[in-house]
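Protein chains: 2
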Amino acid sequence: MTKVENAGAVGWRPQSMVPQTQQAGRTRDLSNQLKDAGLRPTRQRLALAEILFGSGDRHLTAETLYEEARATRYPPSLATIYNTLNQFAEHGLVREIALYGSKVWYDTKTGPHYHFYLEDKDELFDIPEELVPALNIAAPEGTEVSGIDVVIRLKSRRR
Amino acid sequence: MTKVENAGAVGWRPQSMVPQTQQAGRTRDLSNQLKDAGLRPTRQRLALAEILFGSGDRHLTAETLYEEARATRYPPSLATIYNTLNQFAEHGLVREIALYGSKVWYDTKTGPHYHFYLEDKDELFDIPEELVPALNIAAPEGTEVSGIDVVIRLKSRRR
DNA sequence: ATTTGTGCAAATCGTTTGCATCTGA
DNA sequence: TCAGATGCAAACGATTTGCACAAAT
Numbered sequence: 003m004t005k006v007e008n009a010g011a012v013g014w015r016p017q018s019m020v021p022q023t024q025q026a027g028r029t030r031d032l033s034n035q036l037k038d039a040g041l042r043p044t045r046q047r048l049a050l051a052e053i054l055f056g057s058g059d060r061h062l063t064a065e066t067l068y069e070e071a072r073a074t075r076y077p078p079s080l081a082t083i084y085n086t087l088n089q090f091a092e093h094g095l096v097r098e099i100a101l102y103g104s105k106v107w108y109d110t111k112t113g114p115h116y117h118f119y120l121e122d123k124d125e126l127f128d129i130p131e132e133l134v135p136a137l138n139i140a141a142p143e144g145t146e147v148s149g150i151d152v153v154i155r156l157k158s159r160r161r
Numbered sequence: 003m004t005k006v007e008n009a010g011a012v013g014w015r016p017q018s019m020v021p022q023t024q025q026a027g028r029t030r031d032l033s034n035q036l037k038d039a040g041l042r043p044t045r046q047r048l049a050l051a052e053i054l055f056g057s058g059d060r061h062l063t064a065e066t067l068y069e070e071a072r073a074t075r076y077p078p079s080l081a082t083i084y085n086t087l088n089q090f091a092e093h094g095l096v097r098e099i100a101l102y103g104s105k106v107w108y109d110t111k112t113g114p115h116y117h118f119y120l121e122d123k124d125e126l127f128d129i130p131e132e133l134v135p136a137l138n139i140a141a142p143e144g145t146e147v148s149g150i151d152v153v154i155r156l157k158s159r160r161r
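Note that the protein sequences, when read in sequence, are chains A and B.
In this text, residue positions in the first sequence follow our numbering: the first is 3, and each later residue adds one.
In this text, residue positions in the second sequence follow our numbering: the first is 3, and each later residue adds one.
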């Protein structure tokens, strides 16, 4: 990754958390959502926002998003996908997810919650709230918690 | 990373877990430890094993290990460092740690436990057992837990 | 004598960046 | 008008791989 600067956009944070006008995601709304987050609603950003926030919560990688976006009216270049995802993350519209050193995943659900990662299928999904016990671990002296990442890796039960 | 095959060596696992003759890590022991794990005790592997298991638990990246290994009698090439770490991981001598997309970390402590990651310093360390509540989350139908990764990110408390 | 490991350099993969060109306010 | 976006291709950093050579059994 090599992104020391942008280190502020990972995991959930107590902070901001822009209101996410899910559903009824008309362009108007998405446009405002972007503005509220301090981002200019450009064509490609709207295209991506539509994909990301148009329907329920999503878990995807830059590559996945790129593929989906190719079908839209203003398909962004791969570079723009990366740039945009980073910006969205910086502005709290999506959150990054910690996984093994390969690709970075993005989650449109920004609040605190944990994940299941299905190894065989390379799929990521939320762990239902009710299954998660509160994880109240005291931070060491002089530090404070900036985020908590929990990933439970799963494999299909061997026959 | 691009390592779909070797996907079996991550995180803690209920399985094997070769006995780790910590302390008193004489070459003899290390050599046997490697043999027990099914790996030929070559010079460079011994050099790495010495660094990894010679003293207490360690958390490091390929780069870190490479640097330390340069000082030994048979300094392995960077490629060998990577190959060896992968092998060690596959054979349960070390475990990989899930962090944000940059480098992969390795932990010489293979049993189940979680981590604190100090963002400012790019340092990783264990969370003391007693602070960790058991995380008993039921795996979805047709799957079984293959590993649990918990990382609590910390930042120095802002003055 | 075989099999396995090692080193080097080249190759890959995910991601970032420089720069000339567009676009939204 | 003009700061901010976008696209492209080149640059990058971490990791893997192909192949000729060396070492372990």
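Hint data in this document are derived by calculation from the structure and do not stem from the laboratory.
Keep in mind that this is a model prediction, so the values were computed, not measured.
Heads up, a few of these hints could be off.
Identical chains blur together in the list; that is why a pair holds if it fits in one copy or across any two.
[What the hints assert, rightly or not] Cross-link-like lysine to any residue pairs, in silico, SDA-like; alpha carbons within 20 Å at most:
| no. | residue 1 | residue 2 |
| --- | --- | --- |
| 1 | K123 | N85 |
| 2 | K105 | A73 |
| 3 | K157 | E92 |
| 4 | K105 | Y84 |
| 5 | K157 | E52 |
| 6 | K111 | D128 |
| 7 | K157 | G113 |
| 8 | K157 | A141 |
| 9 | K105 | A136 |
| 10 | K123 | G144 |
Each hint tested on the structure:
no. : hint        : in the structure
1   : K123 - N85  : neither (27 Å within a copy, 25 Å between copies)
2   : K105 - A73  : neither (22 Å within a copy, 33 Å between copies)
3   : K157 - E92  : between (32 Å within a copy, 16 Å between copies)
4   : K105 - Y84  : both (12 Å within a copy, 19 Å between copies)
5   : K157 - E52  : neither (32 Å within a copy, 33 Å between copies)
6   : K111 - D128 : within (9 Å within a copy, 28 Å between copies)
7   : K157 - G113 : between (26 Å within a copy, 19 Å between copies)
8   : K157 - A141 : between (32 Å within a copy, 10 Å between copies)
9   : K105 - A136 : neither (28 Å within a copy, 29 Å between copies)
10  : K123 - G144 : between (41 Å within a copy, 13 Å between copies)
Checked against the numbered hints listed earlier, the structure breaks hints 1, 2, 5, 9; every other hint is satisfied.
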